[in-house]
Amino acid sequence: MTLTKRSLVTIDDLSNGEIEALFSLADEMSDSMDEQFGVCRGKVMASLFFEPSTRTRLSFETAMHRLGGSVISVADARATSLAKGESIADMARVVGSYADVIVIRHPWEGAARVVADYAGIPVINAGDGGHEHPTQTLCDLYTIKKERQTIKGLKIALWGDLKHGRTIHSLAYALAKFGATIHFRSGPGLELPDYVKKKLTTEYTGRLERYDAVTGTGKGRLFPLDAIYITPSEPHQLANIPAVSMQIELKTGIDALYVTRLQRERLSPTDKEQELKENYPVVDKKLLKEKEFERTLVMHPLPRVDELAYEVDADPRSMYFKQAVRGVPIRMALIASLLGTREVSVPEEDNPFVRKVDYPVYRRGFGVRCTNPGCVSTQESEARYIKPEFKIVDYRPLTLRCAYCEHEVHPPYIASSDWHEGKLENKKYHGAGSQWARRIKAENLLIFDSEAEAEAHGFKPGHYIGQRHQDNGKKAGQRE
Amino acid sequence: MTLTKRSLVTIDDLSNGEIEALFSLADEMSDSMDEQFGVCRGKVMASLFFEPSTRTRLSFETAMHRLGGSVISVADARATSLAKGESIADMARVVGSYADVIVIRHPWEGAARVVADYAGIPVINAGDGGHEHPTQTLCDLYTIKKERQTIKGLKIALWGDLKHGRTIHSLAYALAKFGATIHFRSGPGLELPDYVKKKLTTEYTGRLERYDAVTGTGKGRLFPLDAIYITPSEPHQLANIPAVSMQIELKTGIDALYVTRLQRERLSPTDKEQELKENYPVVDKKLLKEKEFERTLVMHPLPRVDELAYEVDADPRSMYFKQAVRGVPIRMALIASLLGTREVSVPEEDNPFVRKVDYPVYRRGFGVRCTNPGCVSTQESEARYIKPEFKIVDYRPLTLRCAYCEHEVHPPYIASSDWHEGKLENKKYHGAGSQWARRIKAENLLIFDSEAEAEAHGFKPGHYIGQRHQDNGKKAGQRE
Amino acid sequence: MTLTKRSLVTIDDLSNGEIEALFSLADEMSDSMDEQFGVCRGKVMASLFFEPSTRTRLSFETAMHRLGGSVISVADARATSLAKGESIADMARVVGSYADVIVIRHPWEGAARVVADYAGIPVINAGDGGHEHPTQTLCDLYTIKKERQTIKGLKIALWGDLKHGRTIHSLAYALAKFGATIHFRSGPGLELPDYVKKKLTTEYTGRLERYDAVTGTGKGRLFPLDAIYITPSEPHQLANIPAVSMQIELKTGIDALYVTRLQRERLSPTDKEQELKENYPVVDKKLLKEKEFERTLVMHPLPRVDELAYEVDADPRSMYFKQAVRGVPIRMALIASLLGTREVSVPEEDNPFVRKVDYPVYRRGFGVRCTNPGCVSTQESEARYIKPEFKIVDYRPLTLRCAYCEHEVHPPYIASSDWHEGKLENKKYHGAGSQWARRIKAENLLIFDSEAEAEAHGFKPGHYIGQRHQDNGKKAGQRE
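Residue numbers (our numbering), protein chains in the order written: chain A, 1 to 480; chain B, 481 to 960; chain C, 961 to 1440.
Hints were generated in silico from the structure; no laboratory data involved. One should not assume that every hint holds.
Under the rule of at most 30 Å between Cα atoms (straight-line distance), these lysine-lysine pairs were calculated in the DSSO-like manner [stated by the list, open to error]:
1) K428(A) / K441(A)
2) K152(A) / K197(A)
3) K277(A) / K1347(C)
4) K198(A) / K391(A)
5) K387(A) / K626(B)
6) K485(B) / K1251(C)
7) K1237(C) / K867(B)
8) K289(A) / K1347(C)
9) K1232(C) / K1106(C)
10) K485(B) / K5(A)
11) K286(A) / K1347(C)
12) K867(B) / K1282(C)
13) K771(B) / K625(B)
14) K5(A) / K155(A)
15) K485(B) / K1106(C)
16) K460(A) / K197(A)
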């Protein structure tokens, strides 16, 4: 396997072996930094940051300069032709014809996917809204690996804004991929989004339990936990983790405590910032005196605000500045690999904690749209050319995962493109919860997010829907 | 002829031969891109963008990096000392002492001329307000040349915002220079400015006709045309293009259809954006099925908004992404030529479609100012040191062309610095439309844009003006 | 002495010998500019500009490029994670782990000191609020040196906004260090700040006199003077400059006239810009006809607004564009020296005009804070980790100089950490003007900026303060 010409949009784009291979290359590069100058001579990296950034942008640009390459840079959305209403697909095509690799940060979720689809050159996602930030995860894992020698089967606590924190989402998937146990503890109202939980338990081999389901009142614990994700050490344990083993699990030490700031810039207008701050978890000297943190790596993606006290900076367990430092060699390794100026040798694939699932894809381009207002596919400038696209990840209830932002959609109506064909009187639509959902072949399935949409495509209400219309007032879609 | 140390402010700064020579160098450079790295080693390009840009700025910067040079960059007007009230002439002198070449984009028309006047190093205009954008024109012509093998005598349609589109103005001059036929079709209220029309017909050998003057109602045509510019194929045909040949002209195919977006950022507060959008020309699949577009290159300077449908992207006639791609080699050729790190060999001059006219220059620095509110010479910070300067392009009526923005001014009063000398009682000013305008020698001519201005310089009303004052109420200047 | 790995935060960080050594290196570099390419090959400079700049940023970046190094750049505070509430100390640590040298401009006074404290790599102050701008001073002195062959013992006039002008402050210290005579002339309300005056007379060997104290009404003078700083040519003259010698001083010519613009962006909301502009000194042709300016170098740090007329540009005495030009070699010399890629040979130290004073340092981190609202140590995001720190520069009255912004604080109360120990009833605080201020040993001194603060730390009012409380209404602190 080679990484040449590939893109890194989500952390899923890399196998465990590829991640480990990048770490080896990063080790080699940081051991001989001066010799790397020239590895990317004559190459041009486009550094496109449409959201504020210091660390990530400067670390990517430093990485390219240390490799002897050149950088073209956008550091302010308002200074670009996106301000003139240009779509990011057009921008991607054009910049893709100038540069050799693109690094993109954008507030819209799924934006990096669109850029990767259109640029024609390798694209690296440096953060797309609240969705993912896979290179931060590489820095995080690399730091754990350097300090603990392995990243397999560790016990990691993720604290803070689990809802909006894109670094959290990417890291959680990566940890699951390496068979970790994850303790989730959010500020109130900042829990892990449903689509992330769902993905954790359907794409990886672990099991997610609400903490109170395991330990009751949580008595005797230092701090509340929302949930715990446990990877069984052997596949056959999968359905069979006794609650008692979780109890034991909670009593042993934590390998790393990863805390994030409240992502103020992603709050919705109805969120009350002051309330969200009030019971926000804080890491300070006192907390780190607890026995279970005795050997814990204290991690943070930075920037921090108040959730990580300055008094901890001198503590040898504090890793957050090391995480930042390691951003340069890890990104050097990544850039050189994608450009193909350095080959990484990837060991035989072995991803025991990843479930292979081949979800059917739904991309008819009509009938249903993503409901996430931050999704790139729903923006006015982008909807002109991006066709909605989904994976069908569940039928009970019918659940679509947006191909761009990965949020889930539960559309209420379905129909078939086939078995009514030619018989107009049979062209009917049904509730998505009805028996039809599973009886219609995937390639014939039509999905609608409203009755109006279904009817606009020439379908009439099916039997039960019609009846319900007569009953006048029952709720749609789930009970036919 | 060498391009070394010269500037490119308007497309007129390059002869046909020089343009063709740049294209040859661009061909050579794109065929051996890797070998160009080092051509500008140790050189520094200042990339000064005081208006939003992605494409143009990144393409210039990529070009410099591909040549192995370095870039210093301003991507936001608010982040510079212009925000402290500095004049662009001072800025130009200072940056000119740092860098080896300056690329400047600025909202004021004529700004690039000022920078070129003061920088002391080669300056490239990357767009000055609604005035010109000559390197976009080079990309456009280069694309046409690559696809059609020639840029001489083609038939090109220019559609969209002809009023504010600086790429349109530069391109129209360039096409005229190469003997093209140009079909103009604007959105309503977005016609070609008068000063551009005037320049087209006085500086080049072609003739501009309103379309309805040629074909009557335009019946049978696919789309309305504002005007058509025709270059006679032989000079002696100049005054003698029969209407019937234009009729024929309209029936044959178009070589290239060049459409631009509505330049929202240049609208005046009284412009109604919604109205301007309503009948804006749109290029889509349906349009391109028409016979006359069968072999037409579809061109656009990008960014696009709604005037060019995405459905056309896959059409082999679509050239707009190729235009963008070619921006890099064309700009590499230009930068290397101006810096003198590559010599271009320019064939013997032959510009048969350009009229040599030597207009008298008026630069007394008083009496009359440019009336274009976007002109650099009228800005408060610049008026401290820029003297108004004009070419006298016509006497009936007296017409001055601003040396900076090229807009036309029609000042109402004149006087002479000579023949009243010493005889104060004879120091009189006259209407610009009077016989005196042609009787006063150019070197003695004084021009005033108001009676107050004339009187402030010690002149009294001439006979007819005085009489008119008595008549009390006639309109000034045209009827003495 | 070597400059390698050192920082330049204030002009005091360089000895006279080091400054002269940098000038020699700059001479050498500008004589062989092409040979310098490669001197910093593989090095990365972070150029962090959190305030508008053209000249300084582009000149630093050009300098690094001319040395063959790379640049990572921030040109807009809003585009960085400081916008997310990050402290500059965190930012400094992170960027310090990416780059090899940092250049920082920031609106907070003392910000460069904080960056230098945390970055772990050489830091260059490119302007911190109204505090200092030492590299501008290097350009200024370098220009004087090139034109006058020496920078020792010259007579220099500093005009304009002496209050907010950071270039003025750095230059005044440097001139004092080289034994200059300085004529100060400010716009009304824009006089030199007290802390700068105090520093001039306590850290250097000269004497500062108000002009009217010297010459009475100033009759016969061309222009008003606020004050004059005179360095005696021999140390024993120190206390003994007769007024008559000053009179003579004023009649001879000025070596350089340095004028600055009104620093609008630093005015407080109560400043009336219009009033400040009204009697602002202006340098124009007429002024320069005066005999005392016959051989005067006309200098300005640029950008200028109205205080320096364009008509002077062509005058051979005008140096301001030369100052700008020389910014590149001087900054090349500085960067290469701090990075250690070029060694400068520094002659034996000889700073005859600098007084060695070893002020006691006060850094308990409580009791008293800097009162300058622009000081970095008082900003919300920074106060989390920066401990207030002061030099005790005077006891009558008690005067602290902030270690960050150098503004002076006059705290009203003191106590001792020692001689009350164990005897709670004796734990008293006193007025800072009382006899106790000098009786308490420096290492035991506690300082409070309010009674509340003193009482919060467990102290009770001393005898006189208590009495005054009974007298109810006398003013605090100075009369115990």
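Discussion item. What's the verdict on K485(B) and K5(A), does the C-alpha distance respect the 30 Å limit or exceed it?
Written reply: violated (40 Å)
Discussion item. Hint check: K289(A) vs K1347(C), CA-CA at most 30 Å. Holds or violated?
Written reply: holds (25 Å)
Discussion item. Run the distance test for K5(A) versus K155(A): straight-line Cα separation, threshold 30 Å.
Written reply: violated (34 Å)
Discussion item. Holds or violated: K152(A) and K197(A), Cα atoms, limit 30 Å.
Written reply: Holds, because 20 Å separates the two Cα atoms, which is no more than 30 Å.
Worksheet entry | Distance restraint between K485(B) and K1251(C), which requires alpha-carbon spacing of 30 Å or less | violated (41 Å)
Item to complete: Sort out whether K1347(C) lies within 30 Å of K286(A), counting only the CA atoms.
Response: holds (21 Å)
Worksheet entry | Straight-line alpha-carbon gap K485(B) to K1106(C), limit 30 Å | Holds, because 29 Å separates the two Cα atoms, which is no more than 30 Å.
Fill in: Restraint check for K1237(C) with K867(B), where alpha carbons must lie at most 30 Å apart
Cα-Cα ~25 Å, so holds.
Worksheet item: Under the criterion that the straight-line Cα-Cα distance not exceed 30 Å, is the pair K867(B), K1282(C) satisfied?
Response: holds (24 Å)
Worksheet item: Hey, K277(A) versus K1347(C), does the alpha-carbon distance stay inside 30 Å?
Response: Roughly 25 Å separates the two Cα atoms, so the pair holds.
Practice prompt. Take a quick look at whether K460(A) and K197(A) sit within 30 Å of each other, Cα to Cα.
Written response: Violated, at roughly 36 Å.
Worksheet item: For the pair supplied as a hint, K1232(C) and K1106(C), is the alpha-carbon distance within the 30 Å limit?
Response: Violated: K1232(C) and K1106(C) sit about 39 Å apart, past 30 Å.
Consistency with the previously given hints fails for numbers 5, 6, 9, 10, 14 and 16, ordered from lowest to highest.
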